[in-house]
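> So the protein sequences, as listed, match chains V and E.
No gaps in the numbering here: position 214 of the first sequence is 214 in my numbering, and each next residue is one more.
To get my numbering, take the position in the second sequence, counting from 1, and add 1000.
These are computed hints drawn from the structure, not numbers from a lab.
All C-beta atoms, glycine included, are put in the ideal place defined by N, C-alpha and C.
Fair warning: there could be bad hints in the mix.
To spell it out: a stretch of chain E is covered by chain V in this simulated footprint if at least three of its residues, at any positions, have a beta carbon under 8 Å from a beta carbon of chain V; those stretches are [as the list claims (entries may be wrong)]:
1. 1228-1236
2. 1248-1256
Computed cross-link-like contacts, DSBU-like style, restricted to lysine-lysine with a CA-CA straight-line distance of at most 30 Å [to be verified]:
3. K137(V) to K1469(E)
4. K1339(E) to K130(V)
5. K1295(E) to K1283(E)
6. K1080(E) to K19(V)
7. K80(V) to K1380(E)
8. K80(V) to K1339(E)
9. K260(V) to K1350(E)
10. K350(V) to K401(V)
11. K1366(E) to K260(V)
12. K70(V) to K293(V)
13. K1295(E) to K260(V)
14. K33(V) to K1295(E)
15. K80(V) to K1350(E)
16. K73(V) to K137(V)
17. K401(V) to K184(V)
18. K73(V) to K1380(E)
19. K260(V) to K1272(E)
20. K1371(E) to K70(V)
21. K1371(E) to K73(V)
22. K130(V) to K1080(E)
23. K1366(E) to K70(V)
24. K80(V) to K1478(E)
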Amino acid sequence: MSNYKKTVGIEVHCELKTKTKMFSNTLNNYGAKENSQVNTIDLAYPGSLPLVNKGAINLALKAALILNCKINKLVCFDRKNYFYPDLPKGYQITQARHPIGVDGYVMINVGGIDKKVRIHDIHIEEDTAKSIHQTDKSYLDFNRSGVPLIEIVTEADMHTEEEAMAYLTKLRELFVYADISDCKMEEGSMRCDVNVSISKDDTLGVRTETKNIGSISSVGKAITAESIRQEEILENGGVIVEETRRFDEKDCKTILMRVKETGNDYRYFPEPNIPEFEITDDEINSVKSEIPKLPDELRSEYRTLGVNENNIKTLISNRELCSFFEKVKEFDPIITSNLITGDILSYLNKNNLSLKDIKLNEDNLKELVKKIKNSEISSKQVKTLLPILMEKGGNVEDIMKEHGMVQISDDSALQTIVDKVISTNPESVNDYKNGKDRALKYLMGQIMKESRGQANPVTVNKLLIETLNK
Amino acid sequence: MSKYLDLSIRELHELLVSGKIKPKDLVLEAFDKLENSDLNAFITVCKDEALKRAEELENADKSSMLYGIPIAIKDNINTKGIRTTCASHMLENFVPFEDAFVIDKVNEAGMIIVGKTNMDEFAMGSTSQTSYFGAPKNPWDKTRIAGGSSGGSASVVAGLLAPIALGSDTGGSIRQPASYCGIVGMKPTYGRISRRGLIAFGSSLDQIGPMTKNVYDNALVLNSLVGYDEFDLTSSNREAEDFTRLIGEDIKGMKIAVPNYFISDIVDSEIKENVLSVCELLKENGATVDFIDIKHLEHAVTLYQIIAMGEASSNLARFDGVRFGYSADSNSVDELYAKTRAEGFGSEVKRRIMVGSYLLSGDNAKEYYTKALQVRNSMKESFDEAFKKYDLIIGPTTTTVAYHLGEGMDDVRKTFLDDVLVIPVNMAGLPGLNIPIGFNHEHMPIGLHIIGNRFEEAKMYKLGSFIEKELNLDLKVKEENHE
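From just these sequences and the hints, can you work out the full model?
Quick look at the structure:
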């Protein structure tokens, strides 16, 4: 066990889910043909001037509210100057002086213990173009140039891999639920830079920054690898140098990119082309009202409704399923959650589909839940009926009729079966009379079998007990 | 010989509307003159386009006062399909594929673009001598500078090559050459005219404006150039107004202020005399003239160096050889940047980029840039105070008349000091107008600088027009100087 304590701070960049770019009217269209989503602003042609995407401001504001930040109502932008081929203007427009949100926090839970991760600030900026390097040439795709980003900077509040991963999972969960960002790390719409330092006491060690880690689990691995590397250096009498590193997934090691010299000189100054403006309280309230129920609230609500933890976890981790569940849960949350996280999800997974690809809708699922709750359909019949609903859709009642799933609820018809089963199973009848509950279940099973699953179990139960007690 | 181009726009308009002349006649005369001109006022001329447009206009609606009038455009304003060089090797072959907002306005008003005018490289200079294409000359004395950075535009109008030119003004670049060349030049209120399509120098200071032979023409052209542009966030959204509307009104009761610094020893005595005699004229006609102090005027050049160069160092970072403009052969990205910028930019531009970068670097940003913004704000407030009491502020536009070509190039500070009287207006976002008020002993023009409160251009034109009428100067360059 190491004597060193790790300290971790994280910077996350998220692309905002907007229709257009941050400072131009070009579409924010991931996956489009290279250099097809560009105009003179995105390419920094001489004479071009930036616009401001109010939708992006509102999404960033929403993010800041969700992260419990103090809101800077004064919106203004700054230029961060540096040369790089993916930066067409030679500067990035960002918020250096007045980030839209400051002093926020996110609650995480690791090993059953709640912990607060403080947010230093959240600010708005623009993405760079994408460089594609090949052996002898580099290519630039400017589609990404100017895509709205928010950068979320934490305080150095995390001390384990688990905490870092829990923070990122939580951040992603929040942004996906609030429709702020797709947060797809594989597509680069969420990117993480991790600052790690180690120390034997309460003073902070020298930190290094590991950039652009590809997944949340890799963030955990990178922290482990980087803290081991630092420990080896310190244990061998060396010193840690402030530097920028990257994580090699294959070797599970961090690799030096560049040593930070005397601090980068970005020559920040206020962006003169964008006059500062104020966000009004009305605007803030309107954005607040758009914030949907967030995972923590949903979790506690589902617990109160009696949904089991596994189902809750599955629902929350799949936003599409969860919002579907929200719409259909009213009648019986437990049955509904079992159906959604059980048969429905496994069907979707098996066929690599999402909810919008299948025919099942709110109405027929609600109808099905009602039938299950009223014991008008057996679990065996559900297994037959659900795939039909998902593939072809339609009315539950009609499908049941069509497939001979109509229940026998007629007392006289059922009484005949009950009488027959009682007469052929004298031993069980005897057991029942001697107080053995299992016997009742056995008899029920026999009746259901006799009726080929079409007997209404509620009615059968009632008739059986009545007959036995005669 | 001028047939028509020495006439005022109103006179030309009457001839055009009555059908006595066609737009083509004006275009042909303009090209006849500019093709035989040795003023080096143009970088690019567009004869074919202009003739084609003149023909198209023959059957068009003639109600616009500017219908059929030739205009020259400073070469830092984007013109679709016509190369826009900023007088730089960097953009020597740059052809924009969008028109600037003002070009749309010029076209809507029925004007005909005849060419792109010479200027200081990227508008950085006060003499137009930093042009990659050589300096334009002053029509009053071709051994002298036309001023800068809109020197070509001033030379075009004074030389009667076209009745109108557009200039841009970051620290006096319309008013100073207008003064040197004896013409009328207006830098409107910041935000009055969209900057979209103007290749940026100092974005918080840049403003496009009209340069003309007389005040009324200038107001007419300004009428056509203004208007809200939703694609320039600094564009002002105001109700339309007629800038000629106060011209001809009595100036009785107007309250005029002259900042003491503007008539201090930094100004040539002949110029000072001319300005003071205008003050007397105004008083005789019922205006009051007070001498006042405006804060920080003496720091104008320093402010300009810090703010304009800081912004310029960032604005010019996009010229990296990757997407447009000059691109040097190279083996690596770093070499591409270094060679492209070393070879593509002239020495004055490089000097300003380096100074600007230095001023924004590390702690310097706080020490210089942030402080400069504070001083700028304080100067602006001081102007605001003055405008509570006064209608207009006047003074000389320049400290000297146009000097000889080649002078001042070895003394960088000198060319900046030329602009000490005009820079404060950009710093405060105010409108500033130059009108000719006389000549010195060498018969070089002297200009009066009229400064208005924000969006009060009409009032400035009123005073300018009054003085113009009272002085009734002969502002026509003698033809023998022109050959």
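> Tell me, in ascending order, the numbers of any earlier hints that this structure violates.
Failing hints, ascending: 2, 3, 13, 14, 16, 17, 19 and 24.
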